[in-house]
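2 protein chains.
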Amino acid sequence: MRRRRHATDTVERLQLRTPQYHRLPNGVRVVMDHLPWASSALCGLWFAAASRDESAQHNGVAHLTEHMLAGRTRRYSVRRWASAFERLGAVLDAFTTKEHTCYTLQVLPQQLPQALRLLIGGILEPAFSWRRLRHERRVILEELAFYEDDPEEFLAEQLEQVLFGEHPLALPIAGTRHSLARIGLPEVEAFYERFYVGERAVAVLVGNLSELSLEQLQQELLRLPARREPLPVRYPPVNLPARERTLTHSAQQAYVMMGQLLVQPTPRQRFCLAVLNFLLGEGWSSRLYQRIREHHGLAYSISSEVEHFSDAAVWSITAVCSAATLPQLEQLLRQELQRMVESPPTEAEIQRATETLRTQMVSSFDSLPERMGILARSAMEGRADAMADPFVQALEYLQQLTREEIVETAAQLCVPERWSTVRLLPERLSDGVAALNR
Amino acid sequence: MRRRRHATDTVERLQLRTPQYHRLPNGVRVVMDHLPWASSALCGLWFAAASRDESAQHNGVAHLTEHMLAGRTRRYSVRRWASAFERLGAVLDAFTTKEHTCYTLQVLPQQLPQALRLLIGGILEPAFSWRRLRHERRVILEELAFYEDDPEEFLAEQLEQVLFGEHPLALPIAGTRHSLARIGLPEVEAFYERFYVGERAVAVLVGNLSELSLEQLQQELLRLPARREPLPVRYPPVNLPARERTLTHSAQQAYVMMGQLLVQPTPRQRFCLAVLNFLLGEGWSSRLYQRIREHHGLAYSISSEVEHFSDAAVWSITAVCSAATLPQLEQLLRQELQRMVESPPTEAEIQRATETLRTQMVSSFDSLPERMGILARSAMEGRADAMADPFVQALEYLQQLTREEIVETAAQLCVPERWSTVRLLPERLSDGVAALNR
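Heads up: the protein sequence lines correspond to chains Z and C, in order.
So the first sequence is residues 1 to 438, counted in this note's numbering.
So the second sequence is residues 1001 to 1438, counted in this note's numbering.
Careful: at least some of the hints might be erroneous.
[To be verified] Only some residues are given here: those of chain Z computed to face chain C with a beta carbon under 7 angstroms:
| id | residue |
| --- | --- |
| 1 | Glu86 |
| 2 | Leu247 |
| 3 | Ser250 |
| 4 | Val320 |
[As the list claims (entries may be wrong)] Calculated from the model, a selection of chain Z residues having no Cβ within reach of chain C, i.e. all distances over 10 angstroms:
| id | residue |
| --- | --- |
| 5 | Gln111 |
| 6 | Ser129 |
| 7 | Gly184 |
| 8 | Glu305 |
| 9 | Val314 |
| 10 | Glu417 |
Please keep in mind that the hints were generated in silico from the structure rather than gathered at the bench.
We put the beta carbon where it would ideally sit given N, CA and C, even for glycine.
In isolation and in its complexed conformation, chain Z is listed as follows:
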């Protein structure tokens, strides 16, 4: 296999430090990434507990549980709980994705042990009540309405429904009006009991950790229970035939997303996809940008991106334009996909892509929040090589890609017929767009 030579650095020259991994008896995985030069520290407590673990009937229970946990505890009222963190200067945040619920803590090193004790204490002593549940449900209903007004957010959700079909990854993170109405206190409690256990948890600490000992950390994390019952298995999604879905909305511009699913990609395939995505629609010299924006001036916003799940990847293209030009734009998108098969990336194109991806990666290693995310996902997905350094590993994969495998991946994925399409059209259609409603 030919190793890619980079104009820039070798892996060895980079100022990378290797994070330390531990596994506690209750199953909690711990990653400590000590950066002695940092002035702050960041802690992420991640649980593999999210919408993909839900049924359609109780869709939204993971996100609702996060809302209830982050708000107050058995010991503290809402206001006292928030104040306790703020007195330490600790910034608490929480979010739910389709695969994880995460609680983060941004803190100065000296306050790390105390802030961590407060966070874990809170998660272990939830104040679940019907009153609290009804309140958070009301807030989430406002959240749903808020996101429905965001065309790109709304369309991304539609595309995932088309691509994942009946698989739980199709379920929206926050649930729906219907499913939320069906979630009561017993469902929240059952979800919490089942998923907030050591085996589903990863704690990642990044930054200046000099004030924290592993023993202190263990003492806190060991309070999380080991699993109480067999944990549900996550099944990978399957490839479905391409579909189209056209909806209307009340705004002025037309939005289109095309996308396809790559099921259980290998790490090498993920990196091939990164290179192809860069060349198709991420880079500034990318084919879509050059053709759609530079040559035809058809859209201000045109790009492609890859969203990674633990056992799948969604590759998508998004464009925003005036409704009248949408048919022409869609035709160009399909042409550029086809061209990726017929005129596959040259060695020079691939070299440019890998150089730039490499700079982006290394720059992300210089960021505490990005290090935290990379380490968490790596430990979470329990990859066979999770104990290796994910930073060095990523750079090595990129370096080792051959043109042959990139071209092969393009031939497999860039066939236009494999791509599903979802669109949002302004309610008052111009004549030119009627043709789309086949």
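Fit chain C to the known structure of chain Z by using the hints.
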């Protein structure tokens, strides 16, 4: 003056490094912030050349000039220009605010000198042409339509128009359909000649700079011309009486922004404002969040923020809710402002706010992009103390604030009658909202 004691660190204990400042004979200010542990480097080339330097007639010329400069050069076509950066693994980006145009370069240390030469070469050899201008104007018209579909973006622009009145800070960054139609090649060339000069430029380099010498850097930056004609002066805005503006849009939710202007704030006033803003609507235990979201469950999104200009600050509150609850929500917003005067922040509240702001600040010092922005604005605004370390300085200001001056600033700013209001209502109004259209 009583110094605030922090539960956490003293300034001296932080791992801060002092950036190096230089001023070149052609007026360019250079800030070098060498972080030997970093694996990457970031360069920002900033020009004080933006919409506040424009007339209403030619509004948008700064942003259009940025589009034309970042795209291609006399020597390189669009595609060759982008490829030249990508071959070095350099990530080029550009943006325009109301006060600056900025070109950034993310790069691995070894490629920094070459990438920098490419960037500065491009800015010095623009390929201005009517063909290029018409193309970029078309792209910007798409950009305008894109932002008009974003209710929060649209409303923020409306609020600034209400607050700044006839002052050029009221002008939208990208211009309007009308003003763009009036900008021709002579206007772009005149803007470029006038503002892309040494006296208006700041170069900030952050990260691992070990491969770059100051001499190399000077050699490149000295190619920028000194000013060719007297530079226009920027005048500060003035306070106007509060106004209301109600518009309708086609989306489902109602959006409201209240805001006020603080003209030529002192650094101490800016930090008082940061504390008040945290307590009003930024912190998780903030008064607005607790009252509107926790107590009444009226809005998912409720927050306040401060936007800083070189000689002004805009303090604003944004809320999104269903149209039917908007009157109640607005009433609560005004009550909470009034309460900030009648029950001003206690010493405990202020302590919590300063602790948390301090953690946020120190965490941002750990981020390369954030360091770059802080250093650029500090050098750009040519503050008397710009040669001091802005990181240490910020922490010292925060530490020195007294409750008296915070309470005094609250008494001055939180009077509800001083706040202007702009709203976006769904086109199909419910009865409850009609009352708002006074």
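So, going through the hints one by one against the coordinates:
1. For glutamate 86 of chain Z, the interface hint holds, the least distance from its beta-carbon to any beta-carbon of chain C being 4 angstroms, beneath 7 angstroms.
2. Interface restraint check: leucine 247 of chain Z against chain C, minimum CB-CB distance 14 angstroms, threshold 7 angstroms, status violated.
3. Checking serine 250 of chain Z against chain C by beta carbon gives a least distance of about 3 angstroms; that is within 7 angstroms, so the hint holds.
4. For valine 320 of chain Z, the shortest C-beta to C-beta distance to chain C is roughly 6 angstroms, which falls under 7 angstroms, so the interface hint holds.
5. The non-interface label for glutamine 111 of chain Z is inconsistent with chain C: the shortest C-beta to C-beta separation is roughly 6 angstroms, within 10 angstroms.
6. With a least beta-carbon separation of about 14 angstroms from chain C, serine 129 of chain Z lies farther than 10 angstroms from that chain, consistent with its non-interface assignment.
7. No Cβ of chain C comes within 10 angstroms of the Cβ of glycine 184 of chain Z; the nearest lies about 18 angstroms off, and the non-interface call holds.
8. With 10 angstroms as the threshold on Cβ separation, the claim that glutamate 305 of chain Z sits away from chain C holds: the shortest Cβ distance comes to roughly 15 angstroms.
9. Every beta carbon of chain C lies more than 10 angstroms from that of valine 314 of chain Z, the smallest distance being close to 23 angstroms; the non-interface claim holds.
10. Interface exclusion of glutamate 417 of chain Z from chain C stands, the closest Cβ pair being 29 angstroms apart, more than 10 angstroms.
In summary, the numbered hints that this structure violates are 2, 5.
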